[in-house]
Amino acid sequence: MAKLDAVQLRLLREVADLHEVPEGAYNIRANGEAAGRNSTANIEITSKTDVSGIDIRIKDGTKNESVHIPVVMSESGLKEMVYNDFYVGKDCDVVIVAGCGIDNCGSHDSEHDGIHRFFIGRNSRVKYVEKHYGSGNGTGKRILDPQTEVYMDEGSYMEMEMVQIKGVDSTRRTTIAALKDNAKLVVRERLMTHGEQTAESIYKVDLNGEGSSADVVSRSVARDSSFQKLDLCVNGNAACSGHTECDSIIMDNGRILAVPSLEANSVDAALVHEAAIGKIAGEQLIKLMTLGLTEAEAEEQIINGFLK
Amino acid sequence: MLKLQNISFVAPDGGKAAEIIRGIDLDIPSDKFVVITGPNGGGKSTLAKLIAGIEKPTGGRLFYEDEDITELSITERARKGIGFAFQQPVRFKGLTVLDLLRIAAGRKLSVSEACEYLSEVGLCAKDYIKREVNASLSGGELKRIEIATVLARDVKLAVFDEPEAGIDLWSFNNLIRIFEKMRVTEKKRTVIVISHQERILNIADEIIVLSDGQVIDQGSKERVLPEIMGAKFTADICPKME
Chain A
1 MAKLDAVQLR LLREVADLHE VPEGAYNIRA NGEAAGRNST ANIEITSKTD
51 VSGIDIRIKD GTKNESVHIP VVMSESGLKE MVYNDFYVGK DCDVVIVAGC
101 GIDNCGSHDS EHDGIHRFFI GRNSRVKYVE KHYGSGNGTG KRILDPQTEV
151 YMDEGSYMEM EMVQIKGVDS TRRTTIAALK DNAKLVVRER LMTHGEQTAE
201 SIYKVDLNGE GSSADVVSRS VARDSSFQKL DLCVNGNAAC SGHTECDSII
251 MDNGRILAVP SLEANSVDAA LVHEAAIGKI AGEQLIKLMT LGLTEAEAEE
301 QIINGFLK
Chain B
309 MLKLQNISFV APDGGKAAEI IRGIDLDIPS DKFVVITGPN GGGKSTLAKL
359 IAGIEKPTGG RLFYEDEDIT ELSITERARK GIGFAFQQPV RFKGLTVLDL
409 LRIAAGRKLS VSEACEYLSE VGLCAKDYIK REVNASLSGG ELKRIEIATV
459 LARDVKLAVF DEPEAGIDLW SFNNLIRIFE KMRVTEKKRT VIVISHQERI
509 LNIADEIIVL SDGQVIDQGS KERVLPEIMG AKFTADICPK ME
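First to last, the sequence lines map onto chains A and B.
Residue numbers for the first sequence follow the numbering used here, so the first one is 1 and each next one is one higher.
Residue numbers for the second sequence follow the numbering used here, so the first one is 309 and each next one is one higher.
Watch out, some of these pointers could steer you wrong.
[What the hints assert, rightly or not] Heads up, simulated DSSO-like pairs for lysine-lysine below, C-alpha to C-alpha not over 30 Å straight-line:
hint	chain 1	residue 1	chain 2	residue 2
1	B	K357	A	K279
2	A	K127	A	K180
3	A	K166	B	K401
Bear in mind the hints are in silico, worked out from the structure with no lab data behind them.
Using the sequences provided together with the hints, build the complete structure.
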């Protein structure tokens, strides 16, 4: 692996929990360049030749292996767009850790836009973790606009953990998924915005197969004067089940717009949406204060628990 | 241990003011199990909240271990050893039972320590320790977890607001055992319970009867309980309930 500076190593820890070179397959990108790559017998990573990005090919039957593909940026003013495609074979069980950390100490905006496409083979299981993180005291913004496309074959399962807790000034995260028979998608999103940050999170899930299902849960906190838009859409096009949930805490002058939509195009589609936006309940604060916490400590505990 | 001097509390009530507590004087000694009872709407829960600092009196002073705590916040009172168990326990999305017990204890309780507190309130610890304190728990389960937080906090003065509310008979029997244990425990602890239940009144050292915001009787269980259960006392209280 190429030598990363201290800032890049810190970003790597934040977005991928990496303290050293990971086991298994990995591709680390730093300031727009390859900083390290490793393929394994079952997982091959190759560069695309037409555009910036990589192809990750996972062989049929690969189990208990992982792929890390974090991106770190510490150069102010850098803007990049990458295309990463994951081809997961049949009967696999793998963990994929992505994520992007931007440290911007300059006056120019830094932006990383990644387009990830997943082609998940029959009866495969994938756990995907994507964390976004920003830091740095420059006036330049830290911008992340990822797009994720998921195409799931029969009987496949994907669990997505999407986390953005700190430091990203502007994000527009778009995720679309199409599921075949008996495929299942589980999404757990955690989002917190501060200051003047804006975050838009869009999900569009097409349940096309018999017995397919999706469970999309977003928990978010909007603090200070930040703004969030949560747009969760599930289309039931067969005998399927879908559940979406937006659960948000609003603080200070924060604003949240939840736009749920369900579309049933089959009489056997069962779709449910739940949404709740509100401030921290006073009784929750009081309870924790009777246990010896200050109001600020109680608030922090409640938010940390909510986003855990 | 706890002294209330001419405590009153007036709550705004749609433009008017409602006098909930009317100049109460109370002296609650250390290491006693005290039950406050009386008709609904008599001011019992408000009095409990005034002791915990959740409400501030509009008149009078509160003294705890000879210190004037009238102006102290909920947090400051909690840190001095006053615990409070809510009538309607609060739910928290994301916080687990273990998290809550650790917050209560003020330290990183081990899992086995946390399990002991849960066992004390009759919960099979391994089933609960990692569960979120949210809507997936029943009212009775939440109530027992609420009591476990007070036990984990190891307070000097524990205030329970209608602990029997919303729990089943089995849980209630367990609750009585907890209170009996607290009463005889070697640790010095004063317990104040707001309750209507005869079985809780039966384990009291002292009973205080509150009606219409005033203390109308206070004394030993042996003297007060027969009067509460007797026709004379019921007749005295009932008109005020209307």
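Each hint tested on the structure:
1. Restraint check for K357/B and K279/A: the C-alpha separation of about 23 Å stays at or below 30 Å, so the hint holds.
2. Under the criterion of a C-alpha separation no larger than 30 Å, the hint pairing K127/A with K180/A is consistent with the structure, at around 18 Å.
3. A threshold of 30 Å between alpha carbons decides the hint, and for K166/A with K401/B the separation of about 20 Å falls inside it, so the pair holds.
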